[in-house]
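Colleague: Put together the whole structure using the sequences plus the hints.
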Amino acid sequence: MVILDATMLVLQPQTLLVMFLCAIYGLIVGAIPGFTATMAVALLVPVTYFLDPVPALAGIVTLAAMAIFAGDIPGALLRMPGTPASAAYADEAYKMTLKGQAETALGVGLVASALGGAFGALMLIFAAPALAEIALSFSSFEYFWLACLGLLAAIAASTGHPAKGAISLFIGLGIAMVGLDPVSGQQRFTFGNTNLIGGLGFIPVLIGLFAVSEALRFALAPTARAEVPAVSLKNLLAGVMGHIARLKWSVARGAGIGTVVGAIPGAGADIAAYVSYAVARRLSPRREEFGSGIVDGIASATAANNASVGGAFIPATVFGIPGDSLSAVVIGVLYMKGLNPGPTAFLVHPTLLYAVFVAFLLANILIVPMGFFAIRLFRRILSAPPGVVMSLVTLACIVGAFAVENTTFAVVVMLGAGLIGFYMEENGIPLAPAILGLVLGPILEETFLTSLIKSKGSFLGFVERPIAGGLAVVVFSIVIVPLGLRMIHWMKKK
Amino acid sequence: MKLDDSLNGLLAVILGLAMIIASRGMTQIAHIEYGPGFFPSIAGGGLMLAGLFLIIRRIAFQGGAVEGLVQLRGQGIRGAFGFLLIVSVVGAYILFINAVGFLLLTPILLFVLIYWFERRANLAAAIAVFGTLIFHIFFYQLMSAPLPWGVLKNWSGALTW
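First to last, the sequence lines map onto chains A and B. Going from the first sequence to the working numbering is simple: count from 1 and add 195. Going from the second sequence to the working numbering is simple: count from 1 and add 134.
It should be emphasised that the hints constitute simulated quantities derived from the structure, not laboratory data. Quantities reported herein were computed from a predicted structural model and do not represent experimental measurements. Be aware that a few hints might be false.
Label pairs and their in silico Cβ distance ranges [unchecked claim]:
1. A:Arg681 <-> B:Met277: 48 to 56 Å
2. B:Gly225 <-> A:Ile675: 43 to 51 Å
3. B:Gln205 <-> A:Phe671: 34 to 42 Å
4. A:Val669 <-> B:Gln162: 32 to 40 Å
5. B:Gln162 <-> A:Lys649: 17 to 25 Å
6. B:Leu229 <-> A:Ala447: 55 to 63 Å
7. B:Met277 <-> A:Leu293: 25 to 33 Å
Glycine included, each C-beta is placed from N, C-alpha and C at the ideal position.
Modeller: Structure (structure tokens):
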């Protein structure tokens, strides 16, 4: 019954229109090399501020699904992945293009993306409520460890050196601490500025970190318009089903890997694709041909990156713990719309949450027809002068930040975050841990202090409950095991 | 602009230290052991540790070394101007939007940006005007976001539909 009501909400004209427009936007942004799905979502968030919860969230999940797929198009045709999620197999797909098999690479990628995404969405629909029932027995102790797990995994799974991941995380935590202390209500890092008492706005910070930083990087070294090779893209679906039937287990495995990897806090679509590609290579009877331009690895990896989005939404909705930077943004929007994530959300707003899940499933089905046109129109998309696109992006950043808070101070915050994001990106400091720190910081602090009050100041209380104790072991293992392994490796070398 | 990791580490140490010092000055509340400064001091400590780790890695293993400590990327002076232009455009919006208004200030800012990147005056002018109108229609008319009218305030009624 809830599912039926949710489906009716999704089928409202306003929701469908928003989904359709977001799908076009996601396909265009995803197809432009250098733009990420998170950046696209960051620019969309100010618009969702003015929408009802279901169209707003349906738009975001549609955009995410489309952008992740669209990243495959420039990867195959230009060897430039549109989003980091397509990087794992961009080389493989491009080699197929060089062999005159661009249609197969993109056609199989299109169908496998939709299958992977739909699998992730179904897992979300069935696994999230089941997990939420278990999570209802969680107390602040378990949430504290889950937040720790999210933050540590964000460092462990981030690109670059772990120390840089840690710096990014602490910058995010620092940003989250500006404003009032959640327990005592005392001011922190406000420096007497009344604008800072309410904290730094999530949306201006998000736009600054992900979009303004990109505009600044472009300004420093503007990129020329990419030339698309003259390849035929007319028979995209010819022979595709034959390949999909041959690779059905590989696609299924990729979708499974993607969902699981996506659900691990900190590991996003890019890691899911790399893991799935590596597994497909190891298990394939054609493993020697991997890397020379065959479709076998592409199908599995592209199913994985689309499935990971659904996987990442599972901990995001059930625990409020983001799986990646994209789901961190979704958590921010859920809070903005009063749908505070957590197991009780499934009791308080079940229809609204299921509507978002159904919209995500629908979006993944829509990947096939809409992605088909995006591939055909790719040359047109890339014909837009990059300077014009980036100028409009800059304006969208300014107007978006201003419109949401109706104050120029939000634009100041956005610029500050943009400069920080620029510095971080230029120096190999990943952005994802910062955004996870921004979302998880207040949760970590609140659950820590609440737990301490409950346990009357005793730290034993943090590990006395079985699940809390198990999570504590996992958290400490993430820190100790890699350090131990590195130590053993170092001693062996000596 | 890529910095040597010893500088990145040093920056993290300084920022972490500043967070710890600032957290020490936060008001403690009676009978509460973990006051408002507790978490900032942990974050500051973590930032310092990560920074120290980067410095040690740089000294011991040459990890993240940059020749001359600072490496400038991009198109030299032109790239630096482009960077400053984006910052200036955002700065101009902050300073003048309420006085001048969205409909007059935005086309100027858009024209400057597009002309700088594309060097085509007609294209820049056309997109500056149409882009501003589209942004205004979308955010002000459809989304009801209160974009400032500035000097056009007296005509705002006539320009709203």
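Colleague: Confirm or reject each hint.
Modeller: Tested hints:
1. At roughly 51 Å, the beta carbons of Arg681 of chain A and Met277 of chain B sit within the given window of 48 to 56 Å.
2. Range check, Gly225 of chain B to Ile675 of chain A: Cβ separation about 48 Å, and the 43 to 51 Å hint holds.
3. The hint said 34 to 42 Å for the Cβ distance between Gln205 of chain B and Phe671 of chain A, and at roughly 38 Å that hint holds.
4. At roughly 34 Å, the beta carbons of Val669 of chain A and Gln162 of chain B sit within the given window of 32 to 40 Å.
5. Take Gln162 of chain B and Lys649 of chain A: their Cβ atoms lie about 21 Å apart, and the range 17 to 25 Å holds.
6. Between Leu229 of chain B and Ala447 of chain A the beta carbon distance is about 57 Å. The supplied range of 55 to 63 Å therefore holds.
7. Look at Met277 of chain B against Leu293 of chain A: about 46 Å separates their beta carbons, and that is not inside 25 to 33 Å.
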